[in-house]
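Working from the sequences, and respecting the hints, build out all of it.
From first to last, the protein sequence lines stand for chains U and C. Numbering-wise, this note's numbering puts 164 at position 164 of the first sequence, and it's gapless, one number per residue. Numbering-wise, this note's numbering puts 58 at position 58 of the second sequence, and it's gapless, one number per residue.
By construction, these hints were calculated from the structure, which means they are not laboratory data. Beta carbons are placed, not taken as given, at the ideal position from N, Cα and C, and that holds for glycine. Please note that a few of the clues may not be correct.
Claimed, not checked - Short derived list, chain C residues pointing at chain U, Cβ under 7 Å:
{"hint": "1", "residue": "Pro-144"}
{"hint": "2", "residue": "Ala-180"}
{"hint": "3", "residue": "Tyr-187"}
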Amino acid sequence: MRVGVTGSTSGIGDHLIKKVLKLGHTAIPLGRTQINSWRLGEGISQNLKLDVLVHLAHDRSLSVNSNISAAEVLCKSFGGHKIFLSSFSAHSKSKSIYGKSKYELENIFSKFNGNSLRAGIVYGSNVGGFFANLQNLVSKPLVTPIPYRGSPLLFTSHIEDLVDEIIINLEFPKNSNIFAAHPVPISLQELVINIKEAAGIKSFTFPMPREPLDSGLKLLSKIVPSVSIADSLLSLSSQASYEEISRLSMPKTKFRAFDLEI
Amino acid sequence: MKIAVIGSGPSGWVAIKKLSELGHEVTMIDTGLIEEDSFAIEENKMVGLSRKLYLGSDLPYRKYPYGPQIKKIEVNPIYSFARGGLSLVWGATMLPYSREDTEKWPISISELEPEFEEISKLMPIAGSDDQLSSVYGRFISRRPILPSERILRFIELSRRNSNPDVTVGLSRIAVETGTADQNGCIYCNKCIDGCPKDFIWSTRLTKLGSKQLKMRVTKLIENIGSVKIEGLGIDGTFLTVDKFDKVFLACGPVESFRILANSKMVENEVLLRDSATFFLPMLALPRLGSAKSNSFALSQCFIRFNLKLVNYVSQFQIYEYSEDLISRARKVIPFGRSIPRWLLKLGLKRIVVSIGYLGQEQSPAIQMKYIEDGSVSLSLFFNGVTLEQRKKFISETVKGLSGFTSKRGLIPLNFLIKTAQPGEGVHFGAWLPMGQKSDLLGRPLGSNNIHVIDSSILPSIAPGPITFTVMANALRIAKKSVQ
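Given below as structure tokens:
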């Protein structure tokens, strides 16, 4: 099978390509710096003869509308099965640009012969994204601010489990969106404490209340869209309702519980 | 073999399932009230709150018009004549007894482990592998039901600063939460009126044997090698069925006592052991988070609490705030209807409700007396734990528990405790304990082919859910008795 992977320079793409190659398939990384030059907003060339496409690339600095148009170009250029890596911050009531655009993209992919995996916070070796941001935030000395008093519930996915689930979906394509995380959520406070303990950091925590933080972050993400932490914190401010989560189909992989020592 | 199973509740179902699998000819006998029957709704109250309904009707609590009557004096054990029994309206908690609870039993709980394992494959058990696993074992077959924000944080806090006397974990309930190819709970919050999509497991959803017979059994007559069953049909006519090789009684402790006493197989006066049940609201501090994102009305969290000083165990199940609570609270609180809805909501959003259970040593027992005309009278047993003593036990337990939960954000509101009448908690039985009044296969002494498989034969009643243990024991007896 010839598997195209966009966003292959990220932690997840790297893991995925290694696993795909290990299983004897052909992996074709697509990206600005790759041999097969591709950037967000372009279509996939027919010459690559892909069987499946895994879409991991995402540009946080783009607005929701440009994200949508880029995805439509991508979907129209490739007719085969597509897998889109979505996120738990993508839901109908999402407040962040990231969440909104991921949610719209889910709809586009399901229209064009594809499905999405809603991953939780991806952790493990060599991952960027929200988890790395959080680690960065926590390791700042003295006082660690915990947004929203630490109450948001977060789902977590270990990177290896997530890659396994993507591979299962490559081999057995499904039309529905998939819940790709450990079934029990974890609160933000618990996550922060866990990261602190694993890194051996002793600092105070400052629980930040909801209201001033929300409006401050909204302002910041509008003025400086490249500061991704503001937008990712904003995506914590609202959660998908359980009703919405229950419409996702369950993964075939058994996702492990959050534990940084693994 | 030709086998009759009397009763269609969980223990009857598991026996029918196993015996038919083994190739026996099984007849299910029950009174057979089903949902097509009338839909009259009677107010049924437990601790002041109206009771869970079955798809909006009170079918499971309805009296059976024919046959002997059961009189209740100062006690109120709940039993059901509906097809499916109390599994139509149960809280669906599936937690086995712990090793500690069953120390004095003639069969150890580890002997029942294969049965627990087998049952967890037959039906969905949603839960998570957490602290509870160390005490109760890991018998889960589905992902857990998602709790509210603050319940989850309470569990996290309890895990972080754990206490050896307290075990806290997500609830384990028989609810379909979905698999890779099957849909599950949609969090519609209609659990109390009966699940509209049948995701809460009940025996009604399953196949109950190839043959079904509608009658209320009154008497069993055991001859050498065969058993004859006498009873009353759905229109009150006298019926007999004969030549069963074995009969399994799974119709609940009260009815099985009536049948056995009428058949002169047991004494006319026995003690029904009960687990005292009480209702304890708790105040959830804002630092735990909100009730948001919750829309599920069965229990969300289990707490097992061992009061060290006097060494007895109690069990708590925590229920979250739901919209439904407001209308219920208006009925219970004095002048509740005159309080504006928004004000009530503001207060109730900070409240979680817990239901606590004590063991049989701390609970009043119920005396069952068989009267010659066929009826049974149930009353409080005066030589046992009195109602005042029970009150003392409860306040002692709650005081001990509040030391633990208050530090983790849940403050028990002692002045709002309401205690259920003996038997209202539905966890009762042990009037024919195995190893004392019956053998290890549930046969009353002197009987060869009549097996009791419901909660009557448990050697003791421990605090907390009873169904899983009863089912496992029924399965064990069903397997061993036909070998």
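Hint check:
Proximity of C/Pro-144 to chain U holds as hinted, the smallest CB-CB distance being about 6 Å (cut-off 7 Å). At a threshold of 7 Å, the smallest CB-CB gap from C/Ala-180 to chain U is about 5 Å, leaving the interface hint in force. A distance limit of 7 Å between C-beta atoms decides the matter here; for C/Tyr-187 the minimum to chain U is near 4 Å, and the interface restraint holds.
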